[in-house]
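Undergrad: Using the sequences provided together with the hints, build the complete structure.
Number of protein chains: 2
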Amino acid sequence: MVHGRVSRLSVHDVRFPTSLGGHGSDAMHTDPDYSAAYVVLETDAEDGLKGYGITFTLGRGTEVVVCAVNALAPHVLNKDLGEIVGDFRGFYRQLTSDGQLRWIGPEKGVVHLATAAVLNAVWDLWAKQEGKPLWKLLVDMDPRTLVSCIDFRYITDVLTEEEACEILRQSQVGKKEREEQMLAHGYPAYTTSCAWLGYPDATLKQVGCGTGFCRQFKVKVGADLQDDIRRCRLVRNMIGPEKTLMMDANQRWDVPEAVEWMTKLAEFKPLWIEEPTSPDDILGHAAISKARADSPLGVVIFKQLLQAKALKFLQIDSCRLGSVNENLSVLLMAKKFEIPVCPHAGGVGLCELVQHLIIFDFISVSASLQDRMCEYVDHLHEHFKYPVLIREAAYMPPKDAGYSTEMKEDSVKRHRYPDGEVWKKLLSAQGN
Amino acid sequence: MVHGRVSRLSVHDVRFPTSLGGHGSDAMHTDPDYSAAYVVLETDAEDGLKGYGITFTLGRGTEVVVCAVNALAPHVLNKDLGEIVGDFRGFYRQLTSDGQLRWIGPEKGVVHLATAAVLNAVWDLWAKQEGKPLWKLLVDMDPRTLVSCIDFRYITDVLTEEEACEILRQSQVGKKEREEQMLAHGYPAYTTSCAWLGYPDATLKQVGCGTGFCRQFKVKVGADLQDDIRRCRLVRNMIGPEKTLMMDANQRWDVPEAVEWMTKLAEFKPLWIEEPTSPDDILGHAAISKARADSPLGVVIFKQLLQAKALKFLQIDSCRLGSVNENLSVLLMAKKFEIPVCPHAGGVGLCELVQHLIIFDFISVSASLQDRMCEYVDHLHEHFKYPVLIREAAYMPPKDAGYSTEMKEDSVKRHRYPDGEVWKKLLSAQGN
Chain A
98 MVHGRVSRLS VHDVRFPTSL GGHGSDAMHT DPDYSAAYVV LETDAEDGLK
148 GYGITFTLGR GTEVVVCAVN ALAPHVLNKD LGEIVGDFRG FYRQLTSDGQ
198 LRWIGPEKGV VHLATAAVLN AVWDLWAKQE GKPLWKLLVD MDPRTLVSCI
248 DFRYITDVLT EEEACEILRQ SQVGKKEREE QMLAHGYPAY TTSCAWLGYP
298 DATLKQVGCG TGFCRQFKVK VGADLQDDIR RCRLVRNMIG PEKTLMMDAN
348 QRWDVPEAVE WMTKLAEFKP LWIEEPTSPD DILGHAAISK ARADSPLGVV
398 IFKQLLQAKA LKFLQIDSCR LGSVNENLSV LLMAKKFEIP VCPHAGGVGL
448 CELVQHLIIF DFISVSASLQ DRMCEYVDHL HEHFKYPVLI REAAYMPPKD
498 AGYSTEMKED SVKRHRYPDG EVWKKLLSAQ GN
Chain B
98 MVHGRVSRLS VHDVRFPTSL GGHGSDAMHT DPDYSAAYVV LETDAEDGLK
148 GYGITFTLGR GTEVVVCAVN ALAPHVLNKD LGEIVGDFRG FYRQLTSDGQ
198 LRWIGPEKGV VHLATAAVLN AVWDLWAKQE GKPLWKLLVD MDPRTLVSCI
248 DFRYITDVLT EEEACEILRQ SQVGKKEREE QMLAHGYPAY TTSCAWLGYP
298 DATLKQVGCG TGFCRQFKVK VGADLQDDIR RCRLVRNMIG PEKTLMMDAN
348 QRWDVPEAVE WMTKLAEFKP LWIEEPTSPD DILGHAAISK ARADSPLGVV
398 IFKQLLQAKA LKFLQIDSCR LGSVNENLSV LLMAKKFEIP VCPHAGGVGL
448 CELVQHLIIF DFISVSASLQ DRMCEYVDHL HEHFKYPVLI REAAYMPPKD
498 AGYSTEMKED SVKRHRYPDG EVWKKLLSAQ GN
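These protein sequence lines map, in sequence, to chains A and B.
So for the first sequence, the numbering used here puts the first residue at 98; every next one is plus one.
So for the second sequence, the numbering used here puts the first residue at 98; every next one is plus one.
Please keep in mind that the hints were generated in silico from the structure rather than gathered at the bench.
Careful, some of the hints might be misleading.
Which copy is meant is left open, because identical chains are indistinguishable; a pair holds if it fits in one copy or across any two.
Simulated crosslink set (DMTMM-like; lysine to aspartate or glutamate; CA at most 25 Å straight-line) [what the hints assert, rightly or not]:
{"#": "1", "residue 1": "LYS361", "residue 2": "ASP254"}
{"#": "2", "residue 1": "LYS406", "residue 2": "ASP254"}
{"#": "3", "residue 1": "LYS176", "residue 2": "GLU227"}
{"#": "4", "residue 1": "LYS406", "residue 2": "GLU354"}
Bear in mind that the values here come from a model prediction, so they are computed numbers and not experimental data.
TA: Here you go:
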């Protein structure tokens with residue numbers, strides 16, 4: 098039984114100096130320091146359980162998201178957790194519709210990332226109080242309750258509450274078997290680790306086949322066509338003609354440029370090319386969809402991409418979308434349009450979080466692994482208390498209660514920006 | 098000649114307690130305190146001129162935008178103003194493409210509002226150094242230089258640099274006459290002051306016909322259908338059948354709801370219904386465009402709304418778009434699609450700023466007043482050093498050098514949040 102009143106919300110600016118090694122570099126983000134606005138919720142309940150929520154950022158700007166979390170705090174503090182999750186739709190609406198804060202969103206950018214961090218903490222706490230990993234909390238929830246977590250504002254033209262319930266009801270068949278299948282074999286993963294844009298060729302060759310990832314690979318492209326051709330050729334030659342290769346342009350191109358560039362990379366047979374252009378450009382994505390372009394985006398954008406048939410794969414993101422609530426609506430819309438969901442992950446904690454969503458999706462919504470896989474990047478898991486468990490290139494379902502969002506206390510302390518030990522050293526070395 | 102190195106950037110959280118009087122209330126923003134993140138740029142030049150930039154906000158959350166301005170500051174400090182405006186496209190690109198900050202945007206929400214505030218200050222300073230009001234600086238600029246301020250990323254599928262130059266060149270004919278026409282008669286305005294959602298009927302009736310605004314009116318709708326019908330009937334009866342009535346739903350509706358609601362309000366013959374649904378929903382806007390729906394949005398969204406023929410009027414916003422630079426690209430796209438631009442204004446300073454853009458648009462781009470007018474709201478002008486001058490319901494072209502962005506020093510001091518005198522009193526009265 099969910100209980101307790103939220104007595105404290107604290108938020109930390111946690112940054113890992115990944116830019117020092119070129120990890121995570123791409124055509125638009127050349128020097129990312131993988132970071133997070135990290136929320137901790139405490140209640141007055143005697144169980145002493147805390148909820149942890151993160152949203153992923155790239156270094157500079159994390160302080161802006163932290164500021165936005167603090168702006169949202171009055172909507173959470175002193176609220177009863179039972180009342181929050183008992184009317185989760187209402188709580189989500191309250192958080193995203195503050196009459197003054199809404200102006201600086203709405204439902205996008207900084208404010209939305211902050212919303213995700215706060216809601217992720219609520220979900221973590223809820224799952225912990227129920228003593229279940231989040232995916233299992235969702236799997237065991239009846240359709241009506243699941244759907245009551247979704248705000249249908251702006252999506253009823255594509256998905257109504259009744260349709261959502263019906264999809265969930267129809268997917269009850271075979272649920273138990275699918276849960277057993279997940280527990281035995283896990284959810285298939287693919288890796289991007291092998292080909293960050295900032296990696297020299299020698300590194301590219303080395304990392305190709307670690308940890309059982311010998312089936313699917315993703316390469317970052319978009320900065321320089323000749324270099325892309327050279328690197329794609331190198332990776333394609335390394336993995337052979339049969340294995341799956343994906344590409345990611347990280348919003349680098351205009352629409353005509355995307356079509357031209359993607360035509361030139363077609364010989365390396367990418368399964369998809371991720372984020373070819375502006376994430377806001379529905380019609381642009383539709384125009385270039387023949388080249389299999391896909392992006393991690395917001396609910397209203399996903400709705401239109403599905404309507405416009407501008408996606409062949411849909412990439413959810415556990416922190417860019419407004420937590421589990423929005424991911425539920427996007428998973429259900431994808432099911433309605435029969436588009437496979439292949440989550441975006443990596444960063445800090447994105448793998449830890451999104452595995453819960455995609456495992457739930459398989460068991461309770463999509464009921465299929467056809468053309469589906471979840472991104473995996475082998476970075477920074479050591480900072481999490483309940484890190485992902487990858488076995489034979491598959492995500493094994495988490496068994497600990499919660500949303501796997503909790504970081505190790507010492508990691509948070511050392512990487513707090515700018516006063517953690519790691520940053521103090523780095524900044525003093527830079528003469529700041 | 099533009100000169101000087103930016104030696105200081107300061108930013109203030111300035112809020113006006115407009116919620117106390119129900120001014121500015123609408124279906125989504127029930128208690129707005131009209132506010133601004135207010136940027137001041139100083140240089141080491143001997144002229145002592147400062148650049149002032151604002152972006153409009155609604156109270157809570159202004160501190161988040163202030164935080165984002167500070168995050169952008171390193172891109173501005175110690176830069177030579179001549180080099181900034183000499184490669185304005187490059188500077189705009191640098192500001193919007195910071196490899197770490199971009200993640201918490203891109204080009205939307207908090208970070209983009211902050212970008213607008215900073216760039217507005219740069220334009221103000223540039224115009225001041227040239228000794229011209231901003232509209233005149235733009236009007237006198239040759240097409241090639243104007244176009245060099247625009248970043249064409251993500252819009253080349255609709256507008257190329259060459260097309261933009263060609264539009265500007267073709268509009269040279271009759272420019273002098275149009276400038277004289279503006280100086281003599283001003284740019285037509287319409288008012289929203291008359292019908293905020295929070296106004297009682299008695300107030301509605303009183304404010305109907307002040308300051309020469311007897312031709313066009315805008316009413317806020319979307320919260321309650323029966324009440325909307327009652328209020329629209331009251332206003333329509335008051336103004337008679339001939340005058341122009343606009344409506345604004347401030348994103349309140351789903352797509353099917355919008356169609357239904359707008360059908361019921363059709364008897365009052367609105368010229369347009371503003372922001373019927375999510376600002377991200379291109380296809381939704383297209384679906385309901387027959388009802389004349391329009392919104393103030395971002396460049397990539399405007400591009401698609403024009404492509405999808407989802408707009409009959411286009412409403413630019415001087416602070417939601419990334420300053421003059423992005424407004425130039427949207428004005429040129431609107432010209433290409435022959436869609437009339439009717440700017441969004443009101444708030445704090447939006448009227449002061451946008452008048453420059455629309456006067457430039459008439460003289461140098463659209464060359465037409467057909468179906469065109471600029472919103473005007475009679476609030477808070479007394480806090481500006483160079484307030485708008487309205488004569489016979491028309492914006493008279495500003496004559497002072499700059500972008501009319503500068504606020505009175507005393508107003509800023511008294512309304513700083515939370516330490517200005519006005520807020521100290523209010524907050525202590527609320528027991529905070």
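Undergrad: Now look at each hint and say whether the structure bears it out.
TA: Consistency of the hints with the structure:
1. LYS361 to ASP254: between (38 Å within a copy, 19 Å between copies)
2. LYS406 to ASP254: Close inside one copy (15 Å) and across copies (19 Å); limit 25 Å.
3. LYS176 to GLU227: within (18 Å within a copy, 56 Å between copies)
4. LYS406 to GLU354: both (21 Å within a copy, 23 Å between copies)
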